[in-house]
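Number of protein chains: 2
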Amino acid sequence: MKLPEKETEFLKWYSEVISYANIVDNRSPVKGANVLMPYGYSIWESIRNKLDAELKKTGHKNAYFPLFIPEDYLKRESEHFKGFIPEVAWVTHAGDRKLDRKLALRPTSETIMYEMFHLWIRSHVDLPFKINQFCNIIRFDTKETKPLLRDREFLWSEGHTCHATAEEAEEQVKESMVIYENVYREACMSFLILRRPKYDTFAGAIYSIAYDSPLPDGRTLQIGTTHNLGQGFSKAFDITFQDKDKQNRNVHQTCYGLSTRLVAAIIGLHGDEKGLIIPPFIAPIQIVIIPIYKKDNKDEVIEAAEQILKVLQKAGLRVELDKREGYTPGWKFNEWEVRGVPIRLEIGPKDIQKEQVVLVRRDNREKAFVPMKDAAKKSKTILKNMHKSLQKRADKLLKDSISHPKDYEELKEIQKTKRGFCRANWCGDEACGEKVKDDTGADIRGTREDIKEEPDGNCIICGKKAKEMVYIAPAY
Amino acid sequence: MKLPEKETEFLKWYSEVISYANIVDNRSPVKGANVLMPYGYSIWESIRNKLDAELKKTGHKNAYFPLFIPEDYLKRESEHFKGFIPEVAWVTHAGDRKLDRKLALRPTSETIMYEMFHLWIRSHVDLPFKINQFCNIIRFDTKETKPLLRDREFLWSEGHTCHATAEEAEEQVKESMVIYENVYREACMSFLILRRPKYDTFAGAIYSIAYDSPLPDGRTLQIGTTHNLGQGFSKAFDITFQDKDKQNRNVHQTCYGLSTRLVAAIIGLHGDEKGLIIPPFIAPIQIVIIPIYKKDNKDEVIEAAEQILKVLQKAGLRVELDKREGYTPGWKFNEWEVRGVPIRLEIGPKDIQKEQVVLVRRDNREKAFVPMKDAAKKSKTILKNMHKSLQKRADKLLKDSISHPKDYEELKEIQKTKRGFCRANWCGDEACGEKVKDDTGADIRGTREDIKEEPDGNCIICGKKAKEMVYIAPAY
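Sequence order for the protein chains is A and B.
The first sequence: position 160 = 160 (the numbering used here), numbered continuously.
Basically the numbering used here = 1-based index in the second sequence + 476.
In case anyone wonders, no lab produced these hints; they're calculated from the structure.
Bear in mind the structure is a predicted one, so any value in this text is a computation, not a measurement.
Think of the CB as a built atom: it goes at the ideal place given N, C-alpha and C, for glycine as much as any other residue.
Hints may be right or wrong, so weigh each one.
To be verified - Derived pair list, reagent style PhoX-like, types lysine-lysine, alpha-carbon separation capped at 20 Å:
1. B:Lys-799 x A:Lys-244
2. A:Lys-75 x A:Lys-61
3. A:Lys-310 x B:Lys-771
4. B:Lys-771 x B:Lys-808
5. A:Lys-102 x B:Lys-507
6. B:Lys-488 x B:Lys-750
7. A:Lys-323 x B:Lys-799
Claimed, not checked - Derived Cβ-Cβ restraints for the label pairs, each shown as a range:
8. A:Asp-438 x B:Thr-534: 20 to 28 Å
9. B:Lys-711 x A:Thr-58: 45 to 53 Å
10. A:Gln-231 x B:Trp-807: 27 to 35 Å
11. A:Asn-385 x B:Asp-926: 50 to 58 Å
12. B:Lys-913 x A:Ile-302: 55 to 63 Å
13. B:Glu-782 x A:Asn-385: 57 to 65 Å
14. A:Ala-166 x B:Glu-782: 50 to 58 Å
15. A:Ile-302 x B:Asp-926: 35 to 43 Å
16. B:Gly-806 x A:Glu-171: 42 to 50 Å
17. A:Lys-314 x B:Ser-495: 31 to 39 Å
18. A:Glu-7 x B:Thr-534: 38 to 46 Å
19. A:Gln-231 x B:Asp-775: 48 to 56 Å
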């Protein structure tokens, strides 16, 4: 098996690797609603578990709201409705009965949740109010679908919060950024935190912050968003509370989402010519044990492998022993490399004699001969080192993906070749955003939210006075 | 707050208690698609976690399949299609575009999964093959909806397995029974394991086993099912494998499901006149700490309460400290009783002086004065005892719910008064099943699967020779 080159033919590489590694099966009968296979799902489970823990630690409570949203709920906040209506799937019948009113399948849950928040929130003691929901989301995007990158059905976490003051909502935006960063760092991701231009803000929000991760082909992928909703929804849905001074006030709201798309970003960012590389702390399988034997020493080797399995599991590691018959060790090496398992542990009769095992690190293929008794300790060290090294590589990839064009010609040239982010001055006009999109296919992705950057010249597109320093990149 | 009497007005009691205890909010705009509130959801999360662990331990892998199922997939197995078609919700439009073909929302996932199994399974080494999915399910039942008892959208786990032989499929049915029993026992449930009559078998299965739990009003609730699917689906979907002898054979299949309905059963079985009683091992909050103070000793009491909170949490207990201002201790006692938290820990200035805390057990209101340093240890003992005692009470409730009528008159009388299960001889004719349903509202729920019982007389309904000893009860 030879994969297409990742840098030059990324989508081909991606599509083959998610198939070989059993991440997604896109032979599902409904375009854009794919099957997340066990191995792919288990990566999402790791992310989900980490996110769940972070959300609970910060006082979020999980709940579940209906999939169905009546049309008039969606319409309540007009910008929101306009934003989502072209993508909404509608249920019109049940059995052979026509429904009295058609029902939307949630493209996001603001409207169905906020109608309940209106009923639940009464007083300032109910605030801050933080809800999270893990669920499926339906968006019949008219653009071409791509497994995990752009699906018509996907899984996500959506956080929704209510606060007494605008300041507290601002603080919540920051808290969500920390939560998401903690999740991303667990997966060794690199990303820019960008405040989107006004015209690219979430339908119904004051401003939107997005996490953009670079992919090897020079495009970026939005791997999460946080929105400050202000009081727009809270007024449309009449979510009020009695404040300490007995006055009724509208709450200030935020919401944020992180989806199975992150799995695509992890695959795209870390993989190599051999297949996936799964970051050690989110890897469903951290170590795979491959026993190497002939007929006459099989029992002995399997027994030793099983003993090591137990020792490693007891040390809290996620380990699998590949005892499958009818496959050569070489075939197994390949398969587990494609699937990106961080450490391969080889054990054969010679190793048993020497009381050692062989540990092979997935990303740099470093081979270590380790005394059996140190296998768990040494594995943990390797996983930690690999985690650091993947993070370093990802950070470098992000850094390298940022260019500093001095003029529009250079920007166009960059977007024709290596692409990635162009850091440049912008006047703030949507027209310039449209122009650069037409000329290069790249979007104005926004201004840095994590650090303060000022414009230092004129708009790179129109030459007028710049208002912001922005990052321009083509996106999935 | 006074609840309706549970035994005589169960549905009223149930409907009030799930509202007071913040389990479900049924003010959602779509009938039968309710909001699982944070506290209700957290009970489902406990069950889900336990079930997830049991499934993983037995080699099941989680995955995610599309919500959408094309009509021709549903039709592939004709009995299955007939069984579900009246309840299926259909998506016909996306945005303002009419879809080329309407899409069903999964009422269960056999058809969409098995089309994939057909592609995935090749050889005997792929077997046994065990998949689980946690997801939302849509059934537009025409019967009246009741929160958690009968919803149009609910959450569940569905296990689906493939095997080389009929014997292995039989074994899998047994394994699923053990898995579900382990989950139910964690929730101190009592239930009968019944093989449903032929005419009440899952659409497409050879036979169905169901777990029926008694409710206080004499009705029973099906809290889970296991189906032996034989080769019906496997032939309809062409799921074959190459066996060791190089022959291609169809797999033998099983499937099983457990839903949020179990939360309703837990509430119904264990609750009392004060509200919920959540079994200790699945309780999202096992201990609630209520600080009792006046203005002048508030700081001291809160500090002590926070210290105990830390100690108990460190001991691995799920604890919440209720510091809310503006509520009296008495009000808080009531609220946490309604919510069924197993232990209330009271701490006031006198307790601090005596270096003690007060532990009050939810189910029997036993009060214990415990040295502060023993709080964690003693709490664990109380939780264990409460678990045992709830199980004992549930087992007695089940036993008491089984009657042994000697003739049809007595059966009718029982079903008019206490109801519950009538253990009786049955000829096996569906006509008798219909008659007893018409006369009493009770269904023939099936024969015991966990123990072997033989008929010992004639059919209690028609007087002909009996073929089976069955359990007859009205159901939700």
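Evaluated hints:
For the proposed pair Lys-799 (chain B) and Lys-244 (chain A), the alpha carbon gap of about 17 Å is at most 20 Å, so the pair holds. Restraint check for Lys-75 (chain A) and Lys-61 (chain A): not satisfied, since their Cα atoms lie roughly 27 Å apart, outside the 20 Å limit. Of the pairs offered as hints, the one joining Lys-310 (chain A) and Lys-771 (chain B) is violated, with about 56 Å between alpha carbons and a cut-off of 20 Å exceeded. The hinted pair formed by Lys-771 (chain B) and Lys-808 (chain B) meets the criterion: a straight-line CA distance of about 18 Å does not exceed 20 Å.
Proposed proximity of Lys-102 (chain A) and Lys-507 (chain B) is supported: the alpha carbons are some 13 Å apart, at most 20 Å. Annotation: proposed proximity of Lys-488 (chain B) to Lys-750 (chain B) holds, straight-line Cα distance about 14 Å (limit 20 Å). A distance of roughly 55 Å separates the Cα atoms of Lys-323 (chain A) and Lys-799 (chain B); the hinted pair therefore is violated under the 20 Å criterion. As the Cβ distance of Asp-438 (chain A) to Thr-534 (chain B) is approximately 57 Å, the hint placing it in 20 to 28 Å is violated.
The hint said 45 to 53 Å for the Cβ distance between Lys-711 (chain B) and Thr-58 (chain A), and at roughly 52 Å that hint holds. Under the hint 27 to 35 Å, the C-beta atoms of Gln-231 (chain A) and Trp-807 (chain B), about 32 Å apart, fit the expected range. In this structure the supplied range 50 to 58 Å holds for Asn-385 (chain A) paired with Asp-926 (chain B), their Cβ-Cβ distance being about 53 Å. Judged by the Cβ atoms, the range 55 to 63 Å given for Lys-913 (chain B) and Ile-302 (chain A) holds: they are separated by roughly 57 Å.
In this structure the hint that Glu-782 (chain B) and Asn-385 (chain A) lie 57 to 65 Å apart at CB is violated, the actual value being about 39 Å. Distance hint check for Ala-166 (chain A) and Glu-782 (chain B): the Cβ-Cβ separation is about 31 Å, which falls outside the suggested range of 50 to 58 Å. At about 37 Å, the CB distance of Ile-302 (chain A) to Asp-926 (chain B) agrees with the hint of 35 to 43 Å. At about 35 Å, the beta-carbon gap between Gly-806 (chain B) and Glu-171 (chain A) misses the expected band of 42 to 50 Å.
Between Lys-314 (chain A) and Ser-495 (chain B) the CB atoms are about 47 Å apart, so this pair departs from the stated range of 31 to 39 Å. For the hinted restraint 38 to 46 Å between Glu-7 (chain A) and Thr-534 (chain B), the CB-CB distance of approximately 43 Å keeps it satisfied. Restraint check, Gln-231 (chain A) to Asp-775 (chain B): a C-beta distance of roughly 36 Å breaks the suggested window 48 to 56 Å.
Checked against the numbered hints given earlier, the structure breaks hints 2, 3, 7, 8, 13, 14, 16, 17 and 19 and satisfies all the rest.
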